[in-house]
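Protein chains in written order, with the working numbering: chain C, 1 to 118; chain U, 119 to 231.
Mixed in with the good hints, there may be bad ones.
[To be verified] Non-contacting residues of chain U with respect to chain C, defined by C-beta distances greater than 10 Å in every case (computed):
#1 Pro168
#2 Ser187
#3 Thr221
#4 Gly223
[Unchecked claim] Pairwise CB distance ranges, derived in the manner of DEER restraints:
#5 U:Ser151 <-> C:Ser71: 42 to 50 Å
#6 C:Ser7 <-> U:Asn152: 19 to 27 Å
#7 C:Ser17 <-> U:Ser146: 35 to 43 Å
#8 U:Ser151 <-> C:Asp57: 37 to 45 Å
#9 U:Arg163 <-> C:Ala23: 22 to 30 Å
#10 U:Asp184 <-> C:Thr28: 23 to 31 Å
#11 U:Leu133 <-> C:Glu1: 29 to 37 Å
#12 C:Ser118 <-> U:Ser150: 47 to 55 Å
#13 C:Gly8 <-> U:Gly192: 35 to 43 Å
#14 U:Ala130 <-> C:Asp73: 24 to 32 Å
#15 U:Ser187 <-> C:Ser71: 19 to 27 Å
#16 U:Gly165 <-> C:Ala23: 42 to 50 Å
#17 C:Pro100 <-> U:Asp119: 18 to 26 Å
#18 C:Thr115 <-> U:Val207: 21 to 29 Å
[Stated by the list, open to error] If you want a taste of the chain C side facing chain U, the calculated C-beta under 7 Å gives, among others:
#19 Gly44
#20 Thr58
#21 Ala61
#22 Ser63
#23 Tyr95
#24 Gly101
#25 Trp103
#26 Lys104
#27 Asp106
#28 Trp108
#29 Leu113
Don't read these hints as lab results, they were simulated from the structure.
These numbers were taken from a predicted model, which means no experiment stands behind them.
Even for Gly, the Cβ is constructed at its ideal location relative to N, Cα and C.
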Amino acid sequence: EVRLLESGGGFIHPGGSLRLSCAASGFTFSIYDMSWVRQAPGKGLQWVSAISGSGGDTYYADSVKGRFTISRDNSKNTVYLQMNSLRAEDTAVYYCAKTPGHWKFDYWGQGTLVTVSS
Amino acid sequence: DIVMTQSPDSLAVSLGERATINCKSSQSVLYSSNNKNYLGWYQQRPGQPPKLLMYWASSRESGVPDRFSGSGSGTDFTLTISSLQAEDVAVYYCQQYYSTPPTFGQGTKVEIK
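With the rest of the complex left out, here is chain C (with noise of 0.2 Å):
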């Protein structure tokens, strides 16, 4: 069974940094690219950021390009984002999600919480 489990949320002041994580078992972690996408509050999905299964390749979209930045251990079956100069509107639920090619999304974390505020 494909279970992804996030970590590291929390209440951080604006233009703090915190980093997440996803544990990932029940497939084969490495061959896989993820994903984090996060929903605001009351709002849609947004795609944050993903990263091929090598690591090799990263990808951002452009409101989080400089200040957030993933990574990813193999051996430890785990994804990380790591956020920078947080902002206001960077307040939502980050879900780690596992890429099976073609940007969709099949599997998805339960998401943890990001609140930032003053």
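Model the placement of chain U on the given structure of chain C, informed by the hints.
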């Protein structure tokens, strides 16, 4: 970026009746070399993460009931629930994966009348 627009924003349907959700993309998501539409549909039940229902516009994900069907090509797509069940109460999103960044529609909330 490709803009995805869904209609309606919400709809209320009686149990056992048909629900139809429309999705329009600002440019074609049909890749001519393989004749595939790079369009997916997701269901998000209250308090839950999204779940992939359909991909390639009309292929049903494993385990998805056959009352769900997808149709359309190019820029216009439809998700149909042929006989609404109580567990289908959710917000439904279309998503294009034709180009980066992948983008979602604003969502359509389906309720029981």
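Structure-based check of all given hints:
no., hint, in the structure
1, Pro168, "violated (6 Å)"
2, Ser187, "holds (18 Å)"
3, Thr221, "violated (7 Å)"
4, Gly223, "violated (7 Å)"
5, U:Ser151 <-> C:Ser71: 42 to 50 Å, "violated (33 Å)"
6, C:Ser7 <-> U:Asn152: 19 to 27 Å, "violated (38 Å)"
7, C:Ser17 <-> U:Ser146: 35 to 43 Å, "holds (40 Å)"
8, U:Ser151 <-> C:Asp57: 37 to 45 Å, "violated (22 Å)"
9, U:Arg163 <-> C:Ala23: 22 to 30 Å, "holds (23 Å)"
10, U:Asp184 <-> C:Thr28: 23 to 31 Å, "holds (29 Å)"
11, U:Leu133 <-> C:Glu1: 29 to 37 Å, "holds (31 Å)"
12, C:Ser118 <-> U:Ser150: 47 to 55 Å, "holds (50 Å)"
13, C:Gly8 <-> U:Gly192: 35 to 43 Å, "holds (41 Å)"
14, U:Ala130 <-> C:Asp73: 24 to 32 Å, "violated (47 Å)"
15, U:Ser187 <-> C:Ser71: 19 to 27 Å, "violated (39 Å)"
16, U:Gly165 <-> C:Ala23: 42 to 50 Å, "violated (21 Å)"
17, C:Pro100 <-> U:Asp119: 18 to 26 Å, "holds (22 Å)"
18, C:Thr115 <-> U:Val207: 21 to 29 Å, "holds (27 Å)"
19, Gly44, "holds (5 Å)"
20, Thr58, "violated (12 Å)"
21, Ala61, "holds (5 Å)"
22, Ser63, "violated (9 Å)"
23, Tyr95, "holds (6 Å)"
24, Gly101, "violated (9 Å)"
25, Trp103, "holds (4 Å)"
26, Lys104, "holds (5 Å)"
27, Asp106, "holds (5 Å)"
28, Trp108, "holds (4 Å)"
29, Leu113, "violated (12 Å)"
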